[in-house]
Every structure is written in structure tokens, then in C-alpha cells.
Amino acid sequence: MRFEYSGYAIIVFLALSLTYATSVQSAEMTAYQIVKKSEDLLDQAKDSKADMLMILVNNKGEKRERNLNAFVKRYGNNKSKSIVFFNSPADVKGTSFLVWTNELKEDKQWLYLPALQRVRQISASGKGESFMGTELTFFDMGSQDVDDYTYNLIKDETVKGDLCYVIEATPKKVEFYSKVILWIRKGNFIPSKADFYDTKGQYQKQGIFENVKNIKGINTPTHIEMHNVQNGRATIIDLSNIVYDSGLKEDIFTERYMTRGN
Amino acid sequence: MRIIGAVLTALLWISLTSLKAEAFQYEGENGKLSLTGYLEGSAVYAFDGDTPRENPSEELGLELKASSASWLSIKIFLQAVDDGKVIDPKNKALFNQFDLIYQDKNPYVNINEAYLDIYTGKVDFRLGVQKFAWGRLDEISPTDILNTEDLTEGGTNDEIERKIGVPAMKMDVYSDLANVELGWIPVYVPYRLPQPDERWFPNVLKPPDVIKTNTLDIPVNTSYQDIDLPPVRLDNSELGVRVSKYIAGWDISCSYFTGYDPMPVMDAPVDLTVKLNNPLALDYEVNAKVTMVPEIHRMNVFGFDFTTTISSFTLRGEYAYFENQYFNRKLDTVLPQLVTTERQNEIFTEFIKAYLASGGKNNVQVFHIDPNVPIQEDSMKYGLGLDYIYGDTSVSMQCIQQFIPHYDESEPIYFNKDGLDTMLTFLFKQFFLQNTMEFNIRVAYGIEFQDFIVKPSLKYNFTDNLQGTIGAILIGGKYDDSLFGQFNDNNEMFAKLRCAF
Numbered sequence: 001m002r003f004e005y006s007g008y009a010i011i012v013f014l015a016l017s018l019t020y021a022t023s024v025q026s027a028e029m030t031a032y033q034i035v036k037k038s039e040d041l042l043d044q045a046k047d048s049k050a051d052m053l054m055i056l057v058n059n060k061g062e063k064r065e066r067n068l069n070a071f072v073k074r075y076g077n078n079k080s081k082s083i084v085f086f087n088s089p090a091d092v093k094g095t096s097f098l099v100w101t102n103e104l105k106e107d108k109q110w111l112y113l114p115a116l117q118r119v120r121q122i123s124a125s126g127k128g129e130s131f132m133g134t135e136l137t138f139f140d141m142g143s144q145d146v147d148d149y150t151y152n153l154i155k156d157e158t159v160k161g162d163l164c165y166v167i168e169a170t171p172k173k174v175e176f177y178s179k180v181i182l183w184i185r186k187g188n189f190i191p192s193k194a195d196f197y198d199t200k201g202q203y204q205k206q207g208i209f210e211n212v213k214n215i216k217g218i219n220t221p222t223h224i225e226m227h228n229v230q231n232g233r234a235t236i237i238d239l240s241n242i243v244y245d246s247g248l249k250e251d252i253f254t255e256r257y258m259t260r261g262n
Numbered sequence: 001m002r003i004i005g006a007v008l009t010a011l012l013w014i015s016l017t018s019l020k021a022e023a024f025q026y027e028g029e030n031g032k033l034s035l036t037g038y039l040e041g042s043a044v045y046a047f048d049g050d051t052p053r054e055n056p057s058e059e060l061g062l063e064l065k066a067s068s069a070s071w072l073s074i075k076i077f078l079q080a081v082d083d084g085k086v087i088d089p090k091n092k093a094l095f096n097q098f099d100l101i102y103q104d105k106n107p108y109v110n111i112n113e114a115y116l117d118i119y120t121g122k123v124d125f126r127l128g129v130q131k132f133a134w135g136r137l138d139e140i141s142p143t144d145i146l147n148t149e150d151l152t153e154g155g156t157n158d159e160i161e162r163k164i165g166v167p168a169m170k171m172d173v174y175s176d177l178a179n180v181e182l183g184w185i186p187v188y189v190p191y192r193l194p195q196p197d198e199r200w201f202p203n204v205l206k207p208p209d210v211i212k213t214n215t216l217d218i219p220v221n222t223s224y225q226d227i228d229l230p231p232v233r234l235d236n237s238e239l240g241v242r243v244s245k246y247i248a249g250w251d252i253s254c255s256y257f258t259g260y261d262p263m264p265v266m267d268a269p270v271d272l273t274v275k276l277n278n279p280l281a282l283d284y285e286v287n288a289k290v291t292m293v294p295e296i297h298r299m300n301v302f303g304f305d306f307t308t309t310i311s312s313f314t315l316r317g318e319y320a321y322f323e324n325q326y327f328n329r330k331l332d333t334v335l336p337q338l339v340t341t342e343r344q345n346e347i348f349t350e351f352i353k354a355y356l357a358s359g360g361k362n363n364v365q366v367f368h369i370d371p372n373v374p375i376q377e378d379s380m381k382y383g384l385g386l387d388y389i390y391g392d393t394s395v396s397m398q399c400i401q402q403f404i405p406h407y408d409e410s411e412p413i414y415f416n417k418d419g420l421d422t423m424l425t426f427l428f429k430q431f432f433l434q435n436t437m438e439f440n441i442r443v444a445y446g447i448e449f450q451d452f453i454v455k456p457s458l459k460y461n462f463t464d465n466l467q468g469t470i471g472a473i474l475i476g477g478k479y480d481d482s483l484f485g486q487f488n489d490n491n492e493m494f495a496k497l498r499c500a501f
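Residue numbers (the working numbering), protein chains in the order written: chain A, 1 to 262; chain B, 1 to 501.
Just so you know, these hints were derived from the structure itself, not from any lab.
Among the hints, a few may not be true.
What the hints assert, rightly or not - List time: in silico DSSO-like cross-link candidates among lysine-lysine, alpha-carbon distance up to 27 Å:
{"no.": "1", "chain 1": "A", "residue 1": "K249", "chain 2": "B", "residue 2": "K75"}
{"no.": "2", "chain 1": "A", "residue 1": "K108", "chain 2": "B", "residue 2": "K429"}
{"no.": "3", "chain 1": "B", "residue 1": "K122", "chain 2": "A", "residue 2": "K49"}
{"no.": "4", "chain 1": "A", "residue 1": "K73", "chain 2": "B", "residue 2": "K32"}
{"no.": "5", "chain 1": "A", "residue 1": "K93", "chain 2": "B", "residue 2": "K32"}
{"no.": "6", "chain 1": "A", "residue 1": "K79", "chain 2": "B", "residue 2": "K122"}
{"no.": "7", "chain 1": "A", "residue 1": "K49", "chain 2": "B", "residue 2": "K75"}
{"no.": "8", "chain 1": "B", "residue 1": "K122", "chain 2": "A", "residue 2": "K93"}
{"no.": "9", "chain 1": "A", "residue 1": "K60", "chain 2": "B", "residue 2": "K496"}
{"no.": "10", "chain 1": "A", "residue 1": "K93", "chain 2": "B", "residue 2": "K65"}
{"no.": "11", "chain 1": "A", "residue 1": "K93", "chain 2": "B", "residue 2": "K212"}
{"no.": "12", "chain 1": "B", "residue 1": "K429", "chain 2": "A", "residue 2": "K63"}
{"no.": "13", "chain 1": "A", "residue 1": "K108", "chain 2": "A", "residue 2": "K249"}
One chain only, chain B, in its complex shape:
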């Protein structure tokens, strides 16, 4: 397994020491062909010693583009990755698979995008593995839900890196009246998560180690099941339509999507194992086995977005209404409700009945409980962004809010407090030295949960092809089950070196 990693490391070393790599380009009467790419090495230093370590990683990206005529072109973008985050890779497949959540293997090849473009007079088609880009807000775009996300880095990496290319057909129709984009995704591609024992696995998908009740503490053993996808049928496919128009200085769009929620939603069925150790003393032993089972639910999303300029500012806005969306209820409130004193008494009564009926042989019994963790709530998400650019300096601010109109306080969900979640984001960028150096700081702060992420970075272009980046990811929060707070212990510094060719 380390062979590919070693080869990649060697390639990286060669390219860095030669400091010159050439892309392949051909342009002739019959068309154009180009092969470009990059080689990137990165290392992470985690501040918290009790989180799993990451090994240095390498990544080779290759992009092949070909066009045989003005109406046809092909793009294939592959990434070969020796991922330093994986602890115990079990999946032996070389390519990332389109039907699995837990496939964080090492090394692997990812089909980032691979599609065919066909251009006609007023209609363009794109067929193949592709990424859509809807909406106007940065990083958190409510209407941009046609692609699921790779969350193996906890969602801390850039939006375009998180997006998973999905097999789809896209059609763009251009007219004076409006531009229409139609996306059809025949097969749902699930989001990706790291292995549960990796450092970026979401804390909120980890049940507590012990369920504490008034009468006893129940140890919990958790397992994670991969997704069970719906059969490939037309009615299980996903569809999105976006209509865009430029009117008097305003870029506006309306969109509609029907398909599956791209974010993780999981049920947590529990098998309670009750063992009678001593019938005379009524000495019971109870254990819980929780299985985290991914669920997918169809929903409808109605969206609207705009961009315009006002004086020296760019104003952006976006709104989306989610019909039939599901949310994860908080496990630490759901699980204790399953084993209330009343419920325990019922279970023990059932146990005794079965035990006596078996003549004292059936002293170990399993009780299956389905807590129905996901809860259905219609919701809306909206936000405004303001950008200001002055020379080599740019500042961008956003306020994004999620509102659940019929929020039930008795059934709390993650990442939302009393039906509201407000996030403020801030981006500052400054170029230096003829734009060969870039300082960048990105901040997001959740008002209700008082959690935050800060990502400063400094990038320098040693040459046109060689770029180095150092940076940090700093995360904090009052609660360990908030969006950022769940990664409280994951502060890190990183360094990257990228050679493009």
C-alpha cells in the first residue's frame, strides 16, 4: 500500500528539485489536446496530542482536456492520493466508489470530474461526472445541493474540494428571455465520511459511551453501517432546474430541486442485550449496541438568489425553502429516553416471561429499539453577503441563517437552537510582492452556539509553477455538539507544497 505513496513522494521530490515541469499541449487543425496537473505534498501538525495523528500526504492531480471541434470537448480530472489521515483502511478498491459513505482508503484514485461537453446553437449539454455550482453565497450556499460533499476533512477544506462529482446530465438553454439550466442525476451519490476513529469524524455521529439512567449505567457499543441506496429507477433520480436572468444590473436566479438531502442523516437503532447473571439475586447485566444507519430522504427545495453592485460593494443574497427535510435529533437526549425507568420495567417483565417460558434457559435476550432519530421539519436557509475590494485587498462578509418554523423544543436537533442557527463569516485577503504572496484569513462564527473556526494561511509562489502554503485551522466552541465545537480538539497547523505543470 505504501508503494504508490513512495512513488508519489519520489515524483514530488523530483519535480521540486528540478523546479520545472512541462504540461503536454497539442493544437492542430483537428482540435486541441492538453494534459496538465499538479503534484502536492502536505503535512499536518495537530496541536492536541490525544487526537489521531496524520501522516504526511501526497496528491497527484491530472487533468486531460480535448476538443475535436468547436461543438465538442472532453475533460477528465483524476486525483491519485496517498492520504495521511487514514488509520485502518479496509476498502481495497483503487477508485473512490459512488455508492459508499465510508470508503476513506489509502491510497486511492478519485474521479473529480469526467465529462463530455456538446455545444449547439443555443443549447449546451454536459454528460458525465460533474459538479454543479448554484447560488451566490460563499462556502455555504443553500441552493447549491446537487452535489453531495466529501466530509473526510470535517468540512474544513474549500467548497470545491468538498464537492463530490456526480454522474449527471446537464443541459443549458440560452435565450434572450432567460438562461435555463437543467440538471438530472440518475443515481444518488452519498456524502463521504472518514472512518469513525479518524480525527475528522463528526462527534455528533458518535453515541455516548454510556447511557445513564436513574437505575443503571448502560455501556454502549457502536457500529457504523454503510448506506443502503434506493434502486436505480426514474422516480429515484434527482432533478434540478435553475432560471437565470440579468436585469438592470442584477443577476437573479430562481431554482427548484427535487432529490435527496445531501447531508448526513442517521438513525440509531439500539439492541439492548439483557443478561441474567443470578436469578436469585435478580442480578442483571444490560448492554446496548447502537448501529448508526444512514438514511436518505427526498425533499424539495425552492430557491432564489441575486448579485448586484452598489457603489464599491458587491451585494449577494440567497434564499432556499426546504420541504420535507430531515434533521438528526441529539443522541444524548434520544438514547436515555429509550430506557426510562418505565421502559426498563417493561423490558424486565418481558424478559422474565420469556425466561420462565424457556424453563430458565433463555437468560440472555436482545430487545430491539428503534428510536427514529431523524425528524422531519420544513426549514429555510437564507443569507446576505457583502464584498469590498480595494486594490490588492478584499474583504467579504456574510450572514447566513437557518430557520425552522415549527421547531419542537422537546425534540432538540443538532446545529440549531430553538429553530434558529445564525452564522457570520468573514474573509480577508491581501496580496503582496506583485501578487506572488497572499495572506488569507477566513472566519466563521455561530451566534447561537458560540462556536467558531479560524483559518489563516500564507501562500507564496516561488515560481509560476511552485507554490508553498502554510496555515492553521483553529476551532473552538462552548458545546461539543455544535457544528464547529464538535471538532474542538482538532486545531492544527499545515504546510503544503504544490508543483503545477
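If we strip away everything but chain A, and leave its shape as in the complex, we get:
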């Protein structure tokens, strides 16, 4: 009952995080510097909001759509608040999910289910688990420390017209992936795609970040796909109506707005 919704929220959070990239001039950089640069660019805007269409594709190619609205506000020192409202399908309409992230303490999460008409503080575990049937795990969505990996710049490669750094990231402690291959655009440091290998070293899934738009000076991938090659499923995310630094009110990230809706 809980996780199905929280998963969406985290996807949105991820998607919006990935949009905080801007155009920079690249020089000769190490693999670590490239990834660190990409991470540093994540904190560009103080707040953001967007509409989101998420499509779940099963191994028969059948699709299920979910529509959401997401709002994120950042406070520095890795503190942030995010809230997501679910507009469709009908059985989740009116659901909202609120997260207060604090680097030093564990995240606080609240879920509002219209069917119960109650806001409930929740806790969740199982970082390696898929949520809401998406091809993303909670680990994928969480904030990961760049220093938890070692990096190796393999080569340069052109992906759909964009020249990219190809970097192999290997976790210092294997928990969920044995390695991740990243394609990071040289032009703007936005990831173009990423290949994930499971703990047995088998190719598991591929993330694609496309349709980059410049919104208020920020280059933003508005189309994200995650294809699981092992089970044949995919998750597709399309962002629209993205607005940065609109001065979101603090009130939005409260129980009051969770129950009221957007």
C-alpha cells in the first residue's frame, strides 16, 4: 500500500535532480572529476516543479500510464523537501507523498491515501527492491556518494550525435551493482545513458536520458527510459511544464497540502 506510491515520488525526485545540469566547458578531466562535476551541477535551482507522465511497459509491450505533479525545494547542505501528487490512474488519484531529506538524519516520509483520508508517516526498507513495478530501485533513486565508487575513463563515444565520456564506475563495496557504465555528454555533463550490471556481473538494465531542453538556462533531459534487459520490462518518464526557481512556498510541503491536493 505504501511503497507503490513512494516509488513514484522518488522517480520524480530523481528525474528532477537529473535536470539540474547546465552547460559547462570541459577541459582535460579525470573520470572522477567528470562524475563529480556532473553531481555538483545537480544543485543549480532552489526549487522546481514539473508534470510527469510515467509509462510502465511489461514484457509483452503492454503499457500502463501514471500522471503526477512534483514539487522540490532545496535548502543547501543536502536538505530538501519534495512532494508528489498522483492524478491518474483512478485508483491512486489524490494520493500524495511527502519527503523531507536531511543529510545527517534519516529521511522523513509521509503518505496520504484518499481511501483512508489519513496522512501517515512511513518508513521503508529494501533498497535493492523494485518499487511500484518500475525498473528502478530505491537504491537507484537515493542520493549516492561519489566517493563510494572508483572511476575509469574508458573512451569517448558518440551517442545519438552527442560526444560522450564513457566511464566505468565500480563500487568499492558491491551491494546492488557490480559496475555501472556511464555515458556523460561532453557538452553539458548530462548523462546520456547508463548500463547497469548486477552483482553477478550480468548486464541488467540500461538508462537513457534524452530530449534535452534548455529551461531557464538549465539544460534538462525531459525523456528518461530504463530498460531491464533481464526481464524485458521498461519504465519511461516524460517531464513537462518544468519550472525552476518559482519561489515555491513552504506550505506546499506540509500535511495541509497533501490532503488538499495540488
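Put chain B on the given structure of chain A with help from the hints.
Just chain B, lined up with the frame of chain A:
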């Protein structure tokens, strides 16, 4: 009467065969308007053949939402139901009424909620028919008593479906100090019960067919009276206040309610009819007519609740103290006490006096006895809940206890043994197939009465709009007057198909 049912069935069929239904949505400069809803068909197979049958039922739900500005919105949620449970509907009204207990009619329209929201800077108002949601425990929330419940399915359906929307005014005040919720219900809306001959009518509200005494067996004829509501006055209204605050990872609330007990409490006045068939042989015939008369009593409820997270667990707790609560004493102990040998002798003495005074004409006399079935006891109800979520799996456990400090063993009441009633609940939920399939099992077990209810169900989303559910309700208990045990014979399987639009 079956016309609406037929129309609903046709609508359901059309929507299911087309597998596509569209909601109406409008969004413009002046505001938003949406009309959404669902059509649901359900069927029940009862395992026990001697309980009344249910016909397949259909339900059409329509929800209209409109907002003209950021400070105003309207919601109207209506349900048109062709209810398969009704055997002998007598009430011809189309809408469910807010002043009746027995109004289980077919078909009917229910105003689930219909209210106006007004948002101001730090204060929100909600006016109209609405549902409150207090407390932290699932399904059985001691402080959540502003709404009465629709018990026409024996309380086996979900909490939100059981709640009856009540005409009320709610005010929410938000501040850095705390959030305050104030609910005012000007008119008490009674709980709803099925007809006495329907399968979910509570066994504990059925007097025994015969009152057995040492000297004779008295046949009982029972009738059910609807509620007599208090006049609409300010001092008869209900009021609830809840103060909530988030402190260092804890969501805590304190609440106070003054109003009427939302649960059924009934007196059972008895008219004993004594007929002298043969004066010479002193051949008497005695019959009892029991009238179940709903009573409502004002009470005060002081509550406290909290939620926090500990590691990977969510911990929830709730406590409520009920001042001036009334309970139903057990009818099978109350009624025989009315006709003890001593009391019978008194009645016959009175009978003979009146008979002789009338010159032998008054050979049938009625003696009215008021047993005062409801008994006043302060009580407290409290519980703890623990939730654990791992990926697509979630587990929730609760322990809820009712304690009556001054319980009188000589006057036993229902659903409580020696002042204590403990219930354990368990909920397991697992999603499959990209969350298109959900297995759910809910269990409740009463420790003192050893009764239980188990509700497994499997839900599958054929499309984003079409959902099918199959499940079962399994009930058992050592005693037939316990909370679940009273529905011992009501095991069933059900199937539902819902098309949302």
C-alpha cells in the same frame, strides 16, 4: 424497483465490453471541473446455505469536483446502489436518510460526501456532508468517532466504506505552534443496520426466541424500533477538537470529543402478555414481546495518538478515555432475570387481582417491564501498531485493547470479558507483475473470545481502468455473541469488477 438495477447492469456491461470510459475534465482560466467515477458489479457466494442469499449487486459512483479559485472548491460524491443484500425493502425513499437506522433499501442513492472547501491564509473551512479521519490505528481507531458507521455489511468492509458522511462544519487552523482541527456536527446522524432478517444483522441484537425459566418457557416475539433523535439544538450538537504537532520525528495529536456514542446501544423493553385460558385449572399462557429500542447517550472522549519511525519500522499508537459510555448487557442474561419465579408470582398475583376486579372479564393482561439493558461504564481503548515495508511487501500488526476499570461481573456486557477485550490484527500485502496484481490478507483475532475474521483477496488491474477482485470472508468463534463469532455462519466468497473513469 429492478429498473435502476437493470440500467446499472447494462451500464456496467457496456463499460466492460468497451473497456474504455472517459472522465470529464475541464481546466480554464476561471477554474477546474472534473467528473470522475466508477461502475462496480459484485457477486457473493455464501458457504452456509441457511443464511439469507445475496443477489448480485451493482454500484455507480460519481464524483464531481470543481474549484473556481485557489480559495474555493466543491466536492460531491454520490453512489447509486442496487444492493443485493436486501430481502424486503420497505423504505421507498431514493436517498439514504440521515435520521434512520433501518433504511437499507434497494435501490438507493447515498450521499457519500458533499462539501464546500474554503481556503484562507492559515485557516481552512469545510462545510457539508463529510468524513473525519482521526487517530493512527487502522480499521479500529479509538479516537475516530465523529462519524457513525454503516454496519449493513456487519462491519466487514473497509473503514472508509463503513463511515457515514455527516453534515458538519470543520475548521483547520495551521500555525507554527500546532495545527488545530475543530469539527462541529449540529445534528447526530445514527449508525445504519441491515434489516433484522438479512444475513449481516448483528446476532447480539436478536433476543432469544424463548425465555426459559424454572417454571415455564416464554415465547418471544421481537420487533425493532427506529431511533428517536433528540431535538435539533445547540446543546444536542457534537463537537470535536484535535491538536496536532510534529516534534523531532514524532507526529503527535491530542483530541477531545463531546457528543453521542456512534455505536449501537439498545434497550429491550418487554411486554409480557398473560392470558388465563382456564380459571379453574389456572391454565395460563404467557408471551413476551420484546421491542429493541435504540438509545443514544452523550459521552466525552479524551484522546492521544502518535506515529514515528524506528529504523525500518513505523510505530503507531493511540489511546482514548470514554467518559459516560454505555454498553449493551447480554440479553440472554438480562431477560431471564425479568421473569424469575419471584417475579412471576408477583405478576400472577397482580393478574388475579385485576381479573377478579373486572368480574372475570379481564383475562388477558399486559405487563410492561423495562430491563434497562444499556449500562453505563467509563472505559478506555488503546493500541499499538507496527508496520514494516520491504519493496513490494508490507506487513502491519496491531494490538488493541479495551479496558473497563469498574466492570461488574454480575452484569456481563457484549464484546468484553471481565472488563477486558484484546484484539490482534495482522495485514500482509504483496504486489506482483509491476504492481498490477495485489494479494492482500487481513486477519483479526480476539483473544478473550477466541473469535476471528480472515479476509484474503486478490486484485488484478486488467487495464488502468478495469480492476477485478476475488476474495473471501472467513469468520469463526467459540461464542455466537462475540464480535466476530456472531457472524459465524456468514463465510463467503466474493468477486468484484470495477471500471473507473
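Now the hints, each set against the structure:
Taking the CA atoms of A:K249 and B:K75, the gap is about 25 Å. The hint holds against a cut of 27 Å. For the hint linking A:K108 to B:K429, the alpha-carbon distance of about 22 Å falls within 27 Å, and the restraint holds. Taking the CA atoms of B:K122 and A:K49, the gap is near 23 Å; set against the 27 Å cutoff, the hint holds. A C-alpha spacing of about 26 Å is found between A:K73 and B:K32, which places the hinted pair at or below 27 Å, so the restraint holds.
Distance check on the hinted pair: A:K93 and B:K32 sit about 16 Å apart at the alpha-carbon level, within 27 Å; holds. Only pairs whose Cα atoms come within 27 Å are accepted, and A:K79 paired with B:K122 is accepted, the gap being roughly 25 Å. Using a Cα cut-off of 27 Å, the hinted pair A:K49 and B:K75 holds, with the two alpha carbons roughly 26 Å apart. At most 27 Å may separate the alpha-carbon atoms for a hinted pair to count; B:K122 and A:K93 meet this at roughly 26 Å.
Restraint check for A:K60 and B:K496: the C-alpha separation of about 26 Å stays at or below 27 Å, so the hint holds. For the hint pairing A:K93 with B:K65, the CA-to-CA distance comes to about 13 Å; that is within 27 Å, so the pair holds. Only pairs whose Cα atoms come within 27 Å are accepted, and A:K93 paired with B:K212 is rejected, the gap being roughly 57 Å. The suggested pairing of B:K429 with A:K63 holds, with an alpha-carbon distance near 24 Å, which does not exceed 27 Å.
For a cut-off of 27 Å, the pair hint linking A:K108 to A:K249 stands: about 19 Å separates their Cα positions.
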